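A.B. asks: In case you want the letters, here they are:
There are 2 protein chains.
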Amino acid sequence: MTPGRAEIIAIGSELLEPWRLETNGAHLSRRLGEIGVPVRFRTIVGDEPADLKDAFRVALGRSDLVVATGGLGPTVDDLTREAVAELLGLPLIDDAGVAAGIEERFRRRGYAMPPSNRRQAQVPRGATVLRNALGTAPGLLLREQGKTIVLLPGVPSEMRRMFDEEALPQLGRAGERYVYRILKIAGLAESEVDHRLSEVWRQAGEVVWTILAAPGQVEIHLKERVVAGAEPRGIARLDAAAAAVLGPDLFARDDDTMEAVVGRLLLERGESVAIGESLTGGLIAARLTGPPGASRYVLGGVVSYTDAAKTQVLGVRPATLEAHGAVSAETALEMAAGARRLLGASWGASATGYAGPEAGGPQAPPGTVFIGVAGPVSTMTRSFNVPGDRDVVRTRAAQSALDLLRRALLGVIA
Amino acid sequence: MTPGRAEIIAIGSELLEPWRLETNGAHLSRRLGEIGVPVRFRTIVGDEPADLKDAFRVALGRSDLVVATGGLGPTVDDLTREAVAELLGLPLIDDAGVAAGIEERFRRRGYAMPPSNRRQAQVPRGATVLRNALGTAPGLLLREQGKTIVLLPGVPSEMRRMFDEEALPQLGRAGERYVYRILKIAGLAESEVDHRLSEVWRQAGEVVWTILAAPGQVEIHLKERVVAGAEPRGIARLDAAAAAVLGPDLFARDDDTMEAVVGRLLLERGESVAIGESLTGGLIAARLTGPPGASRYVLGGVVSYTDAAKTQVLGVRPATLEAHGAVSAETALEMAAGARRLLGASWGASATGYAGPEAGGPQAPPGTVFIGVAGPVSTMTRSFNVPGDRDVVRTRAAQSALDLLRRALLGVIA
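If you read the sequences in order, they're chains S and Z.
Residue numbers for the first sequence follow the working numbering, beginning at 214 and rising by one.
Residue numbers for the second sequence follow the working numbering, beginning at 214 and rising by one.
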């Protein structure tokens with residue numbers, strides 16, 4: 214029988230420290246999703262026996278399948294086996310096969326088995342042992358009171374191999390699976406996206422959707438449960454409906470990125486781009502050169518952090534700086550046109566502004582940004598104010614400059 | 214009263230998906246550790262109302278302080294406020310001050326407040342509102358039945374600022390606290406750092422230490438429990454011992470970064486820098502311009518992604534490209550010298566190489582990198598090969614170029 218609701222417990226006091234990221238859960242979520250089992254909770258708990266038992270007690274109370282990682286090693290703070298056995302009222306029994314396997318492993322490496330490793334051969338009565346191809350800690354699978362418990366080692370490589378090869382085949386397939394899709398949107402606030410798509414969501418049916426905001430980007434995450442062999446029709450329907458409403462504001466799907474989209478548009482046209490940037494300090498160029506093969510369409514760029522760099526390298530006219538200032542639509546346009554001319558590119562893109570904390574006076578607070586695009590037949594500029602810290606302002610300015618270039622390449626702006 | 218046991222809940226169905234890492238918990242663990250409050254559990258839960266309520270019910274049953282992130286936004290799947298109010302039996306009341314703040318925020322950006330944002334002004338009775346300096350979602354602090362609940366937005370920058378400035382001062386301090394220190398090391402592999410410091414670790418005593426590796430950087434994380442008013446003597450002792458062994462390979466501590474260190478060295482000397490970069494595509498300039506006030510020492514840079522950009526903008530000699538190729542020590546040096554000259558800077562720094570997947574033939578596989586520095590009195594260059602994908606190669610190349618510049622500024626290399 215396939216479990217209906219799963220829960221993941223990551224065990225280890227070090228995982229509660231600020232410098233550690235727990236990554237095993239992501240692998241387990243994906244694998245469980247692929248056999249149609251939704252993960253509803255993920256908990257991190259330390260090696261404290263009372264906390265450990267509490268975590269399992271809570272998980273078994275609300276989930277059908279509990280997959281735990283860590284705490285199966287030979288040291289005194291590895292207490293997962295004991296906690297689970299005690300919670301379920303099962304005695305720990307020496308497993309001769311497991312003990313022999315661990316001894317053999319040490320012998321092959323020329324060591325005698327340390328006495329501490331003997332504990333790893335203790336198995337709750339009725340448990341199935343999961344072989345560890347890469348380490349000494351065996352895993353365990355228990356079925357008790359209609360629940361399934363899988364205990365895995367915490368070392369990621371050991372955990373992955375054991376779960377995929379030993380545990381997963383015993384969990385069965387639901388005959389169903391999850392299909393995921395991400396829609397990426399630029400130029401709209403999260404609440405605006407939500408508002409525009411309110412009609413679309415009414416038809417969401419069984420498709421689960423979530424909206425997420427990042428600087429200069431809103432993401433819609435769709436997830437659909439489909440029976441084996443079937444297509445994700447709900448996702449296809451919602452994607453088409455959202456695309457119709459959003460038009461060119463919907464710029465990418467799944468792992469695709471703004472810079473990759475811009476790159477493909479340039480490649481399709483056999484065109485190239487050059488960047489002139491100020492407050493973004495190289496971020497626009499760094500993003501455009503991120504995708505493999507970017508050298509086929511990025512010629513280069515200039516980071517002009519001073520007025521002198523703007524005039525002497527990018528060819529911005531001193532009179533423009535004098536009349537409008539370095540943070541102005543006029544300067545943004547001349548930077549884009551200057552980068553295009555300097556590097557002989559089809560397109561130039563630019564950003565200038567105040568990233569903060571310094572600003573340009575009461576009329577131009579931190580977050581004031583001007584972006585520009587100069588193309589084969591026209592130029593365009595946009596301005597906006599970004600609330601947020603220096604990093605957010607820079608990230609958002611770079612994203613918006615790339616998006617303006619994308620819209621210009623698509624011909625969807627005047 | 215300072216809470217004795219804390220628990221963190223991260224809310225959002227997307228955080229249960231395989232493609233998302235939950236990072237807010239790390240910041241909260243650290244800040245709570247600094248006021249002596251241990252985090253015992255961290256739970257990730259989706260937007261499902263029943264699951265959300267269950268997570269809070271469980272947490273309030275075993276912890277004195279519950280800090281939750283996410284689910285405070287304006288969309289229909291942001292349900293944290295409602296879940297907590299319902300669980301505690303508190304009515305939600307419109308807060309006129311909060312509503313006015315959100316409306317003002319939209320007005321300043323030239324929008325009318327979408328109706329969906331009105332929900333964000335609903336506050337459980339008796340809750341203290343935590344101001345959001347960077348976004349619309351206000352936070353909440355509740356004290357009920359001897360427990361403290363803090364609700365924060367999920368956007369990391371908003372969450373961090375709100376917790377540090379608005380919530381933390383209301384939580385009080387315990388008689389003990391954890392002190393953390395991070396030592397950052399460049400130019401050495403993780404195993405080399407571990408080996409060199411083996412004698413230092415023998416004196417670690419009660420100080421917990423961990424080594425972590427990132428591209429171009431190794432970090433040592435130290436943690437010590439000290440009573441109120443006392444100094445972290447163990448950390449001070451280990452820091453001094455490690456610094457003596459590592460010398461200039463130890464480049465920064467805690468939140469300090471390579472680019473900030475380089476910036477301070479330039480500022481102290483009243484000097485400036487210009488960048489000429491190829492495979493890093495703007496990453497070096499983007500990092501150098503990251504710290505606030507970078508315009509005092511960064512003049513600008515050139516991303517020369519083609520031979521023409523190298524010769525025509527940076528002044529690399531065609532004969533050099535002809536004889537040695539674009540990926541060579543000679544080209545790296547001329548790029549650094551060219552950037553310095555073009556922008557009139559005290560220093561020039563450069564990177565050229567094959568980021569991959571394309572390479573320069575059997576002698577120059579992907580990951581081949583040359584970096585250069587040109588200063589007031591001398592020039593220097595280094596080369597190395599980075600195993601890893603395109604992102605890793607670019608990140609490591611940028612880090613190494615900044616590190617070479619740092620060592621040149623310190624005068625510790627010939």
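No wet-lab data here; the hints were simulated from the structure.
All values derive from a computational prediction rather than experimental measurement.
Heads up, some of the hints might be wrong.
Stated by the list, open to error - The calculated lysine-lysine pairs, modelled on BS3-like cross-linking and capped at a C-alpha distance of 27 Å, are:
1) Z:K360 / Z:K266
2) Z:K397 / S:K266
3) S:K360 / Z:K266
A.B. asks: Does the structure keep K397 (chain Z) and K266 (chain S) at a Cα separation of 27 Å or less?
C.D. replies: With Cα atoms ~37 Å apart, K397 (chain Z) and K266 (chain S) exceed 27 Å; violated.
A.B. asks: Are the Cα atoms of K360 (chain Z) and K266 (chain Z) separated by 27 Å or less?
C.D. replies: Measuring from Cα to Cα gives roughly 16 Å; hence the hint holds.
A.B. asks: Below or equal to 27 Å on CA atoms is what counts here, so check K360 (chain S) against K266 (chain Z).
C.D. replies: holds (22 Å)
Against the hints set out earlier in the document, a violation occurs for number 2 only.
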